[in-house]
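Sequences and hints are given; from them, build the entire structure.
As you go down the protein sequences, you meet chains Y and W in turn. Just so you know, we're using my numbering here: the first sequence kicks off at 1 and counts up by one. Just so you know, we're using my numbering here: the second sequence kicks off at 1 and counts up by one.
Don't read these hints as lab results, they were simulated from the structure. The reader is advised that the hints may include incorrect statements.
Said to hold, decoys possible - Straight line, CA to CA, 30 Å or less: simulated DSSO-like cross-link-like pairs of lysine-lysine:
1) Lys91/W - Lys141/W
2) Lys113/W - Lys175/Y
3) Lys141/W - Lys113/W
4) Lys70/W - Lys175/Y
5) Lys173/W - Lys201/W
6) Lys141/W - Lys175/Y
7) Lys113/W - Lys201/W
8) Lys173/W - Lys141/W
Claimed, not checked - A few chain W residues that don't get close to chain Y, going by computed Cβ distances all over 12 Å:
9) Ala64
10) Arg171
11) Ser226
What the hints assert, rightly or not - Covered stretches of chain Y (in silico footprint by chain W; criterion: 3 or more residues with CB under 8 Å from a CB of chain W, positions within the stretch not fixed):
12) 10-17
13) 102-115
14) 200-208
Computed from a predicted model, the values in this text were never measured in an experiment. No residue lacks a Cβ here, since even glycine has one placed at the ideal position from N, Cα and C.
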Amino acid sequence: MTTTSIAPLLARRAGFVRDLTSVARRALRDTARDGSAVIPALFIPLFFLVVNIGSLQTFVEGNIGNGFDFKAFQLPVSVIFAVTGVSRAGSLVIDIQDGYMDRLLLTPISRSTLLLGLMIADLSLVVIMTIPVIILGLIIGVSFATGFLGMLVFILIAATWGLAFTGFSYAIALKTGNPIAVNNAFLLFFPFAFLTTAYVPQAQMTGWLGTAANYNPATYLLAGMRALIMTGWDSRAIGQAFLATAIVGSVSFTLAFSTLRGRVRCK
Amino acid sequence: MTFAITATQLVRTFDSNRAVDGIDLAITSGEIYGFLGPNGAGKSTVVRMLTTLLNPTSGTATVAGFDVQKQTQDVRLRIGVALQEVALDPKQTGREILDMQGRLYGLNSARRKERINDLIELIDIGDAVDDLVSTYSGGMKRRLDLAAALVHKPEVLFLDEPTTGLDPVSRAKVWHEVSRLNTEMGMTIFLTTQYLEEADKLAHRVGIIARGRLVAQGTPTDLKRSIGADVILARISRDDTDKALFALRSLSGLDHIEAKGDSIVIGVANGSVSLSPIAVALSNAGVHVLELTMRTPTLDDVFLETTGTRMQEVATT
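What follows is the structure, given as structure tokens:
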């Protein structure tokens, strides 16, 4: 048996910010190396923008009249398609299955940064996903009534919505540790995306669909984003968009972080 | 004497399964402790409890002087762990993984660089450290996993079956490094293994675990000596087993007699003295001896003595 003395303690707690940046850096590197996950996710909203405008523009504009701009109306829908459901939840499942999550849990890392770091990477990615859709919108003739600043607010709303929605995917990933369940999380997106004003304005919606749209946070999200393009600085619509995002975010984050606590608790 | 690891009546149940059933440990600082047992014996569950990944159902444990349930962060700062399954991110390079580990343990940039350079040399990974882990061989991944556990120079290193799946050359390298970490850095090492040779070669003391219970503990030499200084193995016809046992039990000076398949395992204090009387006794009893050999006891003999089965048999049941 040895008699050599033990070296002084080298490790110390890195602190919340350092933990957060460490997890986020890794997630961003992973994202950059994983083009196969980004390119299809970007193709879908661009495709829908082009197809929806091509197939419905004449019909909707003809029925509504009064110079209604369907291209401007559709742009926020495509952006929401681009940013909703973008998350590192799939990677988180792989970390759980491969044991890398355990490696992280063996360190003195602040547990909440395991999710928050991934969310920072998600936020960066949804901003990146938004830009090509906006550029395509500008190319086909959409302009922002609120100018460049409005465009930035538009991106901010889209990004916070995308971030708010990630909580659901993380909750499923942490609860199940199952990649199939995470892939199926996109089903949650359907009621948000289609029981709303995706194709026609709220005034034109009647019956159960109109009622559903009234209670769908995405309706207020789209209204706020459309106001930035079509109306101007409508503080009520923009405020409601942020509020709708905050409500969805508070629900999904509560789910995600309570599931994280359950996962990291030494059960 | 300071203890690096202690455990008192450590129990862990999963539903009705009592995976760990009242383990007591007292491992001194600077010791290599080999935790030997077959698959499913409870080794990994003990490691997960000692490394704060799993709470005990009952009992207490300390690592580096800190309670594993109440002072988890203090424990985590002082331990390094290489779990049974290599825990690496295949989309990162080896350097990125080591760097992230260093960051999470609060090492500054200069210290991280220094440690990573030391570890690259230690694990003999060369320029591959800048390649993605997905391109590594199994041995390289295992060595990188070990390096990740060492970034912060832990006081206590837990190695859960560190050589499982490695080729003999890589296994020898890991053994060499484990010994070196212990002798040069004074690191306490808790090593689980199902390889008898590994425990025998590396560990200062060995604990044998079977079905969640610690059934024997001591230095490899003492454990082996406990069943006799030598083992005589008589291979006979199965039909002669009862006759052979009857004949041998009438002889004095035999420490242990056990029938296993077509063999009789006999533990004796002095093999060269006992060999001849055993041969004569078997011959006089009309036992047809196919082979009579003498060897020194192994830890598997100790396992057999304490559990009634051989490790290999438990592993396959």
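Here is what the structure says about each hint:
With a C-alpha separation of about 13 Å, the suggested pairing of Lys91/W with Lys141/W holds against the 30 Å cut-off. Between Lys113/W and Lys175/Y, the direct Cα distance comes to roughly 37 Å. Violation of the 30 Å bound is thereby established for this hinted pair. A threshold of 30 Å between alpha carbons decides the hint, and for Lys141/W with Lys113/W the separation of about 20 Å falls inside it, so the pair holds. Annotation: proposed proximity of Lys70/W to Lys175/Y holds, straight-line Cα distance about 25 Å (limit 30 Å).
Between Lys173/W and Lys201/W the CA atoms are separated by roughly 13 Å; this keeps the pair inside 30 Å, and the hint holds. Our distance criterion of 30 Å between C-alpha atoms is met by Lys141/W and Lys175/Y, whose separation comes to about 28 Å. Of the pairs offered as hints, the one joining Lys113/W and Lys201/W is violated, with about 33 Å between alpha carbons and a cut-off of 30 Å exceeded. For the proposed pair Lys173/W and Lys141/W, the alpha carbon gap of about 14 Å is at most 30 Å, so the pair holds.
The Cβ of Ala64/W sits about 9 Å from the closest Cβ of chain Y, inside the 12 Å cut-off, so the non-interface label is violated. For Arg171/W, the requirement that its beta carbon stay farther than 12 Å from each beta carbon of chain Y is met, with the minimum near 21 Å. Look at Ser226/W: its CB is around 20 Å from the nearest CB on chain Y, clear of 12 Å, so calling it non-interface holds up. Coverage of the segment 10-17 of chain Y by chain W holds [criterion: at least 3 residues with CB-CB distance below 8 Å; count 6].
Three residues within the 8 Å Cβ limit are the bar, and the segment 102-115 of chain Y against chain W gives 8, so the coverage statement holds. For the segment 200-208 of chain Y, the proposed coverage by chain W is not satisfied: 0 residues have a C-beta within less than 8 Å of a C-beta in that chain, short of the threshold of three.
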